[in-house]
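Read off the chains here:
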Amino acid sequence: MAKIEASTCMIWGGSADSKIDRIELINYKNSIKSVIVRTKSGNLFTKFPAFGAFNAAMKYLEPGTGSILFNSNDSDIEDLVLSHVQKDAGRLVPNFIESFTTTGAEGGRYVITTSFKNDKPIYKKVGDVDWYVWYESETEKWIASRAEISKDVKYLENENCLPQYGEYFNESFSEYTQTAINWECVEVTELAGGVADANGLYCQTAFYKSNPVYVSCDEAWFLFFDGVQWVLTDTPFTREGRWLTNSSKNLTELYNNSSGNNGSGDFLNQIGKIRSLGIPEGSIRSEDGETFVFGEDASTSITSE
Amino acid sequence: MAIITTKYSIGWFGTTNEAGGDGCDPFNLTEQIGTYIMKDSGDQKVKEFVKGNSIRDEYDEDDLKGIVIFGYTAAGAPQIWSLEKEENAFWGNLAILGDKANTPNRSSIVFTKNVDGDAILACGRMYVIINNNNVEVDIPGFIPSADGVDMGRIDTTITG
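Read top to bottom, the protein sequences are chains A and B.
With the first letter of the first sequence counted as 1, position 15 gets the number 200 in our numbering; the numbers rise by one all the way through.
With the first letter of the second sequence counted as 1, position 19 gets the number 22 in our numbering; the numbers rise by one all the way through.
Same shape as in the complex, but just chain B:
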């Protein structure tokens, strides 16, 4: 686990445990940092921010929009998660979309995800966290690195 206290973090997600490593739980960014739901407001549909469970009261939506997390695919393409990605993960409101209009479109978020379509930090991956607004958030299982500090070795025999 690590409390994010710096603007930039490069780290490994997932550590060993006494059970042999199976105890690594993905960190659900959608649930723990924040997301949006679509609500009725008269004749309109409006997006409403839902603060994540790991976020302290003192931080608001704008603060959390400063968090950007990314990793790379095997082909070298970046995959990025941020609160703005969550905000945009809805079908549009055009009539042509029919029943789909204003409903969640989780496929628009291209990131490591769970079966529910929530964005997650998945075990056994490295991520970069950019924390533009200095939001302190605890991410269990994330171990930061720093140049010149030996933070440990990877046990490549334990995978999910």
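Chain A extracted, bound-state conformation:
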């Protein structure tokens, strides 16, 4: 809950310890004058709550978005974190990795930029030769392109759905092939029915309470350690939505909700499996089959031995 008292403030939607819903601005038309957000195309856009009834673009404040809020009357708004320069309000647990590294003829370190394309951030390589990694919604692939954000130039495609994992390859430009390194990724399988969309690739993007956080390709599912056990959830970092736990400190232990006690109703009788996707180049880890047995850094928390 954020108590908005100042005439102008900055807000983020929302905190990690509670379920976050989009905020319907028209419900605050008597207290909020306007809200400025940054659009995906890079411009500023002003939302007027009173116009939310008939203008879809002004209807909501979305989770995971920052904005400047102009207030006319004090208000209490759930799901927001208030920011002002005199106070440290916490740390962001990002849904996208901040930077990743590739090897290859012109590989290197890619860093998130303030530009977006197809609802995902664009990454730019640090160094002399400009390479960009961006998401192409038509093919649902991450593309690495040279010199500009386009497939009109030399470009590579990644068959995987997260930018920090896998190989960027194009037969026509094979000399530029780049391979992502130092990733921490797992695959979730065996879930069915209404929660089958939780299957798939997850890669680490950040840390929550000093443990790795893994995020699915569509940023809809999260794996986090709650201090006792690993939890698969669609409402980070809570059990207020759909969730499934493995009651274990070992990430790859079975996620068995046959009892009904290890998950929400949506996961009843589900048994999910998680397997490591291996040891990337540059990692200081070892494995036994599908089980991590050694990790020297944060991965220690997911060792089974």
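Treat the hints loosely; a few may be bogus.
Unchecked claim - As a list, the in silico DSS-like pairs of lysine-lysine whose alpha-carbon atoms are at most 25 Å apart:
| no. | chain 1 | residue 1 | chain 2 | residue 2 |
| --- | --- | --- | --- | --- |
| 1 | A | K225 | B | K10 |
| 2 | B | K10 | A | K302 |
| 3 | B | K116 | A | K272 |
| 4 | A | K244 | A | K188 |
| 5 | B | K88 | B | K10 |
| 6 | A | K458 | A | K434 |
| 7 | B | K88 | A | K272 |
| 8 | B | K103 | B | K50 |
| 9 | A | K244 | A | K218 |
| 10 | A | K214 | A | K204 |
| 11 | B | K54 | B | K42 |
| 12 | B | K10 | B | K54 |
To be verified - Covered by chain A, according to a simulated footprint, are these stretches of chain B (three or more residues, beta-carbon under 8 Å):
| no. | region |
| --- | --- |
| 13 | 66-78 |
| 14 | 122-129 |
| 15 | 151-161 |
As the list claims (entries may be wrong) - Label pairs and their computed distance ranges (CB to CB):
| no. | chain 1 | residue 1 | chain 2 | residue 2 | range |
| --- | --- | --- | --- | --- | --- |
| 16 | B | E87 | A | S226 | 20 to 30 Å |
| 17 | A | G463 | B | T162 | 28 to 38 Å |
| 18 | A | E190 | B | N96 | 34 to 44 Å |
| 19 | A | F239 | B | E51 | 53 to 63 Å |
Source of the hints: derived by calculation from the structure; they are not laboratory data.
Computed from a predicted model, the values in this text were never measured in an experiment.
Glycine included, C-beta positions come from ideal geometry on N, C-alpha and C.
We have chain A; now place chain B onto it with these hints.
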């Protein structure tokens, strides 16, 4: 971290890390983007621009003057940093100022600052960055937002 590639950015400064969040380092705008020093030039004192450590060779003083960063106080007042604020952070040269004349006056910069008076992006705050001249600068720890893209949640239990 983020490379600033757009004219407007609204974002959160400070992310979690494996150490529990204490690893967030403030971004020193004075050191990393630029500031001024006062130098002797004959009988005169002149301000000399000092380019920041994070700025590529291709950008000059005029380019960097297009960067304006601001946040808001709890009372809703904006606090603004720009290179022009750095340029003006000196006492005047009037004789009445005595020894203070032409010396740094960091208190004139009203922004988040460190103990040395350098302007910083402090951990756990939101800032707006306006980049009028499209200077590409890497600001580690700054995560941009965009309307309709879920960039993550704030762990409010980790503060400095």
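Going down the list of hints, with the structure as the test:
1. Between K225(A) and K10(B) the CA atoms are separated by roughly 12 Å; this keeps the pair inside 25 Å, and the hint holds.
2. Distance restraint check for K10(B) and K302(A): the Cα-Cα separation of roughly 16 Å lies within the 25 Å cut-off, and the hinted pair is therefore satisfied.
3. With a CA separation close to 13 Å, the supplied pair K116(B) and K272(A) stays within the 25 Å bound.
4. For the hint linking K244(A) to K188(A), the alpha-carbon distance of about 21 Å falls within 25 Å, and the restraint holds.
5. Between K88(B) and K10(B) the CA atoms are separated by roughly 20 Å; this keeps the pair inside 25 Å, and the hint holds.
6. About 15 Å separates the Cα atoms of K458(A) and K434(A), which keeps this hinted pair within 25 Å; it holds.
7. Restraint check: the Cα-Cα separation between K88(B) and K272(A) comes to about 22 Å, which is no more than 25 Å; the hinted pair holds.
8. Restraint check for K103(B) and K50(B): the C-alpha separation of about 15 Å stays at or below 25 Å, so the hint holds.
9. About 13 Å separates the Cα atoms of K244(A) and K218(A), which keeps this hinted pair within 25 Å; it holds.
10. A threshold of 25 Å between alpha carbons decides the hint, and for K214(A) with K204(A) the separation of about 23 Å falls inside it, so the pair holds.
11. Proposed proximity of K54(B) and K42(B) is supported: the alpha carbons are some 15 Å apart, at most 25 Å.
12. Proposed proximity of K10(B) and K54(B) is supported: the alpha carbons are some 21 Å apart, at most 25 Å.
13. For the region 66-78 of chain B, the assignment as covered by chain A holds, since 5 residues bring a beta-carbon within under 8 Å of that chain's beta-carbons and 3 suffice.
14. Requiring three or more residues with a Cβ within less than 8 Å of a Cβ of chain A, the coverage given for the region 122-129 of chain B holds, as 5 such residues are present.
15. Evaluation of the coverage hint for the region 151-161 of chain B: fulfilled, as 11 residues show C-beta separations to chain A shorter than 8 Å, against a requirement of three.
16. Checked against the hint of 20 to 30 Å, the C-beta distance between E87(B) and S226(A) comes to roughly 28 Å, which is consistent with it.
17. For the pair G463(A) and T162(B), the supplied restraint of 28 to 38 Å holds, since their beta-carbon distance comes to about 37 Å.
18. At roughly 43 Å, the beta-carbon separation of E190(A) and N96(B) lies within the given 34 to 44 Å, and the hint holds.
19. For the pair F239(A) and E51(B), the supplied restraint of 53 to 63 Å holds, since their beta-carbon distance comes to about 56 Å.
The structure is consistent with each of the numbered hints, conforming to all of them.
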